[in-house]
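Chains as they are written, first to last, in my numbering: chain A, 1 to 345; chain B, 1 to 351; chain C, 1 to 345; chain D, 1 to 439.
Please keep in mind that the hints were generated in silico from the structure rather than gathered at the bench.
Check before you lean on any hint, since a few could be wrong.
[Said to hold, decoys possible] Pairs of lysine-lysine residues, derived as BS3-like cross-links and limited to a Cα-Cα distance of at most 25 Å, are as follows:
hint, chain 1, residue 1, chain 2, residue 2
1, A, 224, D, 278
2, D, 163, D, 140
3, C, 240, B, 74
4, C, 240, A, 42
5, D, 95, A, 224
6, D, 278, B, 210
7, A, 83, C, 165
[Stated by the list, open to error] Which chain C residues face chain B? A few, computed with CB under 8 Å, are given here:
hint, residue
8, 10
9, 66
10, 240
11, 241
12, 243
13, 246
14, 248
15, 249
16, 252
17, 253
18, 261
19, 265
20, 269
21, 338
22, 339
23, 340
[As the list claims (entries may be wrong)] Chain B is nowhere near these chain D residues, computed Cβ spacing over 12 Å in every case:
hint, residue
24, 117
25, 122
26, 137
27, 140
28, 227
29, 266
30, 278
31, 289
32, 290
33, 406
C-beta atoms are modelled at their ideal positions from N, C-alpha and C, and glycine is treated no differently.
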Amino acid sequence: MTSEFMTPTAAPVPAQRQVGRGRFAGLRRALAPVAEARGLPKWVLYVGCALVLVFVVFAIFAPWISPYSFTQYLDGHGHRFPKSAPPNVHHWFGTNIMDTDVFSHIVYGSRTALEVVAIAVVISMLLGVPLGLFSGYYGGPLDRGLVLVMDAMFAFPSLLLAILIAFLLRGKFGFLGASFSGIMSAAISITVVYIPQYFRVIRNSVISVREEPYVEAARILGAKPRTVIGRYVFGNVVQNVPVIATLNAADALLTLAGLGFLGYGVQPTEAAEWGYDLQRALGEAAGGIWWTSVYPGLAIVLLVTGLTLVGESLNDLLNPVLRHRQLLPVNIVDDEGEVPRDDDA
Amino acid sequence: MTTTPELHHVRPDTVMSVRDLRIWYGTARGAVRAVDGVSFDIRRGETLGLVGESGCGKSTLGRGVLGLLPDAAKVAGHVLFEGEDLVGMSRRRLRSLRGPQLGLIFQEPMTRLNPLMRVSQHFLETLRTHQPELSKEQMRRRAIDTLGAMGIPPTRFTNYPHEFSGGMRQRIMIALALVLNPAFVVADEPTTALDVLVEAQILTILADVKRNFDTSILLITHNLGIIAEACERVAVMYAGRIAELGDARAVFARPAHPYTRELLASTISLSTTSLHYIPGAPPDLIAPPSGCRFHPRCPDAMTVCPQRHPPVVTTELNQDVACWLHGPDDQIPPGGSAPLEREAIGVADEA
Amino acid sequence: MARSSGSLPRYLVTRLLLVIPMVWILLTVVFILMRVAPGDPVQASLGGRAPQAVIEKQRHELGFDKSIVAQYGDYFNGIFHGDFGTSTSSNRTVTDVVAHEGAATLELAVAAMIFALVLGLGIGVLIGRYRDTPLDVFGRLFGVLTYAAPVFWIGILFQLLFVAKLHWLPSSGQADTLVNIHLQGEAHTNIYLVDAVISGDWGGLRNVLVHLILPGLTLGLLVCGVFIRLVRVNVIQTLKHDYIEAARARGIPEHRVVLRHAFRNALVPVVTVIGLQAALLLSGAVLTETTFNWPGIGQALIRYLNNRDYVMVQGIVTVFALIVVSVSLVIDVVTALIDPRVRYS
Amino acid sequence: MSQTKPDPPLLEVEDLRVHFALRGGVLQRFTGREHGSVKAVDGVSFALRRGEVLGVVGESGSGKTTLGRAILRTVPITAGRIRFDGTDITEMREKTLRPMRQRMQMVFQDPNASLNPAMELLAAIGHPLRIHGVTDDDDKVRATVSEALDRVGLSPVELFLHKYPGDLSGGQKQRAVIARAIILGPDLLVADEPVSMLDMSVRAKILELMIELKRDLGLTYVYVTHDLATAKFFCDTIAIMYLGRIVEYGPAEQIYADPKHPYTQSLLRAIPEPDPTKSVPRDLPRGEIPDAAQPPLGCSFHPRCPVAFEICGWESRDLRDLLERHWLAHPDDEFDRERRTVGDLAALDEPSLTATVPVGSGHPAQDVVDLLERIRADDPHEPTWTGIRDITPAAGGVRVEFRDDCVDPSLFDVGGGQQVACLLCRDGNKSKGPNDGRR
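Input sequences plus hints: build the corresponding full structure.
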């Protein structure tokens with residue numbers, strides 16, 4: 001389809017909203033289509049955000065929302081909770097084989113999940129993005145070497161890599177305190193998996209942006225490489241970051257759960273973790289005890305779905321390859337008379 | 001208000017007759033009137049040039065007459081091809097016409113061939129779709145002959161698209177459009193992406209096509225030089241409408257519409273001695289100017305121009321022109337022919 | 001005029017040569033990972049109370065008393081001769097484990113891949129073609145959900161439904177015990193399905209197939225979600241290409257435009273990513289095998305990892321790395337076969 | 001500008017060569033080892049006086065854009081010299097060169113891509129001021145940018161200062177690019193097809209602006225274009241490029257009035273005039289500009305040249321073209337029959353003065369000799385035959401020997417400052433300039 005189709009007029013666009021200035025003006029500008037989204041992608045974005053928000057609230061206000069602590073197995077009178085009891089008034093989602101409350105595990109589990117994922121995403125972003133920027137911009141043997149290493153890492157089964165790293169990191173973060181060391185080592189093992197993804201995406205877009213005339217223009221203006229990367233390249237690749245970050249967060253959550261399921265994640269004494277809970281529930285499933293597995297699994301599915309929906313709708317809105325302007329229905333009026341207009345202009 | 005008049009009566013050798021065609025797109029800002037009341041005829045074996053600035057609806061019109069528009073585009077009016085109206089025709093029937101009767105030649109030949117298919121496969125696919133009764137050998141023969149007429153040697157028949165240069169790919173695209181000998185072909189800026197020598201080669205080929213294939217061509221271009229080289233008649237399009245239509249020699253010699261005149265003057269050619277340009281830019285087709293759409297940029301605008309849309313009149317040189325300068329005088333209100341006063345157009349409105 | 005004709009054999013040779021650094025990097029990473037692992041592998045494998053002399057003897061036998069460089073040399077020398085090492089916790093060789101457990105994993109992976117390809121490609125093309133219709137929304141949601149649901153949770157749900165509730169299918173294992181024993185006696189390829197066919201054991205074949213359904217489906221769903229997303233995006237992108245409009249302008253029927261022009265061309269990038277899914281498949285296999293107690297190599301890896309059997313872990317991971325590299329090689333060759341441009345670049 | 005003293009040239013380019021390494025297969029891409037090279041610019045020399053406009057004209061693939069970039073040192077230079085205002089900048093380190101960049105700027109072909117989409121005009125146009133430390137004061141930057149915007153006609157300035165490139169039309173963007181280029185008061189402006197992507201009604205406006213700037217600011221231009229019509233209007237001197245070399249050079253008037261090189265002649269004839277009384281020339285050069293990685297032997301233009309003769313550089317690939325043209329003329333039974341007598345034509349794709357035409361399986365070599373003789377009989381005046389010395393059956397095919405005394409023409413002086421790289425122009429004029437033979 002020719003461009004003339006989609007923008008059948010070369011006339012100046014009416015006054016644009018003022019977009020903020022400063023270093024991240026590029027990002028803000030790049031995200032403008034999100035604010036202007038309508039129709040399906042907007043709703044997908046809303047649903048995704050709502051799902052994520054629920055778990056964020058759970059994570060922040062866990063002690064207030066959760067009826068019990070995740071390690072608690074005695075009620076107020078010192079009586080032990082029933083083992084693997086079906087959902088009831090006291091335990092909305094029942095209890096599990098460890099005599100703890102399933103609902104409390106869900107609430108505290110969101111805290112663990114979000115902590116680990118946030119740390120992992122931030123660290124892998126901080127390492128992967130600059131590496132991709134410099135590798136892509138300068139090219140050369142360093143770039144080729146990095147690409148080979150990153151590709152090898154990317155091609156290697158991610159869960160396996162995470163397991164190996166988790167295995168190696170066991171007990172290495174003791175200095176952070178008992179409850180946080182497990183989270184940190186889980187986060188680090190996941191980080192290793194996701195650095196190549198940021199690297200690849202950023203590097204590839206840097207390589208295409210690098211060839212743009214405006215980057216060459218900046219060099220001809222006499223800008224130093226640092227300035228070119230910071231002011232001309234970064235601003236035009238940064239829109240990829242939110243997309244990768246959300247999609248990777250979703251994937252990281254699954255990796256965390258996988259680690260927990262295999263026993264290489266956060267230890268049950270340190271924090272509540274859905275993957276570990278599912279491992280404990282596995283043996284009971286054949287016996288028909290469903291509540292210990294269905295609820296934690298559902299929590300994972302909902303949070304991952306939420307993050308994926310956010311990521312996918314951002315991708316739909318920001319990725320120029322996928323973006324398409326949807327034509328609206330229109331009525332042809334006979335002549336010069338009234339021009340039919342949509343109300344929202 | 002005025003009803004859209006017939007530009008001229010339909011002659012018996014007319015292949016395609018477009019009547020009051022409108023193509024609008026709905027966007028968030030409003031309806032884009034890409035094509036807004038266009039009528040013209042194309043005769044057998046004739047090349048009609050369609051010229052205008054970018055964004056005036058040329059490409060949309062070209063695809064519109066072939067029914068190749070996005071589903072959401074709204075089309076009204078008539079496109080009569082050998083008596084059948086293509087507007088409102090079933091998809092199936094339309095598809096069966098594309099290829100054997102209607103063809104399209106594109107602007108960028110580099111991307112128009114499927115990179116994973118050999119040139120031969122493109123031809124066999126097309127022939128098999130529309131003439132399944134032919135034997136494989138007949139199809140090969142037919143394809144090689146058509147390619148040969150475009151200057152592609154038979155030794156290259158089974159090559160992949162990436163093994164050809166831009167000019168050769170355009171020749172292949174033309175051969176592909178003509179292999180079934182269609183009665184009508186739209187050529188949408190067929191030489192814009194090519195170098196000047198290759199452009200001249202392609203223009204020669206198009207001239208041969210007209211001679212050897214008896215095909216009518218609607219040649220869309222923004223280059224008046226190409227119109228002069230290749231077309232018998234020319235339609236000048238502005239903001240979704242046809243401003244002037246007539247014999248190419250007459251239009252170039254004595255442009256009737258001020259837009260045509262200005263366009264000719266702003267073309268830079270080897271014989272140009274001074275620079276000239278049209279102030280301002282083509283209008284936003286969502287809210288086009290009232291009356292004559294060219295009036296804000298027209299040096300000859302009169303007070304009637306923004307008030308009423310000019311009807312089509314025929315000049316003594318047989319040019320159809322929609323401009324109040326040519327009347328009809330009886331429809332101009334009293335005092336309507338006084339010069340229009342308005343502000344100067346700044347660069348702020350420039351294209 | 002571009003007339004140069006590249007040759008496929010030449011491409012293959014250069015591609016093969018490129019494998020060498022990739023393998024070298026992966027193997028070196030594996031080697032280093034295993035050396036920095038916490039604790040002494042020999043001590044760990046023999047238990048805490050083994051006498052020092054025994055430990056020293058074992059150390060010497062395994063070559064752990066040599067310098068790190070010498071160990072590195074031995075490692076590569078062994079691999080070069082097809083010797084990946086012998087377990088410290090059992091007396092099986094890595095090759096033996098790969099032959100038996102690997103065959104089980106292969107059976108599972110192939111079943112999953114077939115399922116994922118059929119469903120993923122089908123749904124992907126369909127919703128890519130009918131973008132933004134209710135069908136698209138439904139298909140994408142299905143894709144997101146299958147991806148968002150942890151493999152082991154899907155496995156547990158299947159067990160709850162088909163085993164605990166409906167009693168239709170067996171809960172775990174690769175075959176019933178008797179069939180197991182019989183087929184092990186008939187071992188030709190160690191792949192039960194094939195062995196059953198070769199030995200004409202149709203009852204056994206049926207038994208094996210019934211056992212394969214749930215694990216295959218579970219693992220298949222995981223990969224299927226990725227495929228749907230990928231195929232959809234690529235079909236959408238391909239449908240925007242100029243040659244699609246050109247084909248329509250020639251009156252090529254829509255089904256042919258979608259299948260012959262859009263789908264086939266969309267496959268080129270998809271095939272590349274399918275190669276990367278080999279890694280996902282291996283990750284997923286580890287989880288699926290644990291869930292369904294499938295006697296595959298993933299489960300074996302976790303078992304040996306828990307036993308601190310470093311030689312075995314190193315051997316299995318090495319094999320994984322080799323698989324990943326081989327798959328990427330095969331994928332590149334397939335791409336070159338589909339896309340003539342690759343050969344000439 | 002006073003022209004009292006004879007100024008030294010502002011820009012001198014001497015035997016400039018820019019060769020891009022071709023990376024071959026996957027392995028080479030990994031190792032970075034080169035695999036042949038494209039001679040994008042292959043021995044170009046010229047000098048440019050202050051205030052002069054040089055038009056570099058050529059088709060795509062002629063190396064004209066690379067030449068423009070090489071002058072600004074944005075592509076690595078293989079050999080030769082570039083002197084800017086007397087200073088040799090060929091091997092200057094980027095760090096030393098950076099201050100010089102204030103004096104030489106560029107306008108690009110695609111106005112949509114030459115401004116950073118994430119920077120508003122104030123920041124984009126004012127950035128050179130900050131880069132070169134002219135001022136870092138926001139008010140001063142604003143004032144200078146406003147002045148520049150006003151100069152290029154983007155007024156009222158307030159309307160544009162905070163716009164993003166995406167909000168501007170093509171012509172406005174090109175004006176903004178020009179504003180950025182002139183804000184530091186450069187001496188030299190390399191304009192790479194500055195109007196070719198603009199609508200025809202805007203082209204004249206931008207050209208007019210460039211002419212005004214030349215007059216008011218004393219700018220010197222290198223105007224890179226494929227369009228001989230705008231070049232005629234704008235340039236003092238014209239350099240016609242073909243496959244990395246200048247094939248004709250001289251004062252604009254003279255070149256348009258009396259083009260000497262067959263290539264220049266065809267270029268001028270091929271431009272469509274907006275005048276229906278003139279018709280398309282039928283005797284256009286055949287084919288297209290060849291692959292610069294393997295340029296034709298001898299004169300690069302000889303395969304397409306209507307007046308080529310014995311020593312222009314006939315070689316194996318011309319033989320393939322000859323065969324293909326023959327079959328093009330006789331596509332029916334003759335092709336089917338004759339094609340089988342000849343083996344894989346790819347054997348002729350390596351440039352060589354002795355070609356071996358492979359024989360189709362089951363055919364005697366004499367069949368191919370007969371075929372070639374038939375083709376010669378068909379059109380004995382085809383110039384390719386003048387370059388062929390001998391056709392003999394040999395092992396593995398038919399050996400075709402070409403003349404080995406072919407000449408790669410250098411620029412010959414034809415008087416009046418006009419130089420032409422065509423063997424037809426060499427008589428009576430001695431070779432001038434450093435453009436030595438390619439081989």
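Exercise for the section: Please name the hints from earlier in the document that this structure breaks, with their numbers sorted from lowest to highest. Expected result: Of the numbered hints given earlier, those the structure breaks are 1, 8, 9, 10, 20, 28, 29, 30, 31 and 32, listed in rising order.
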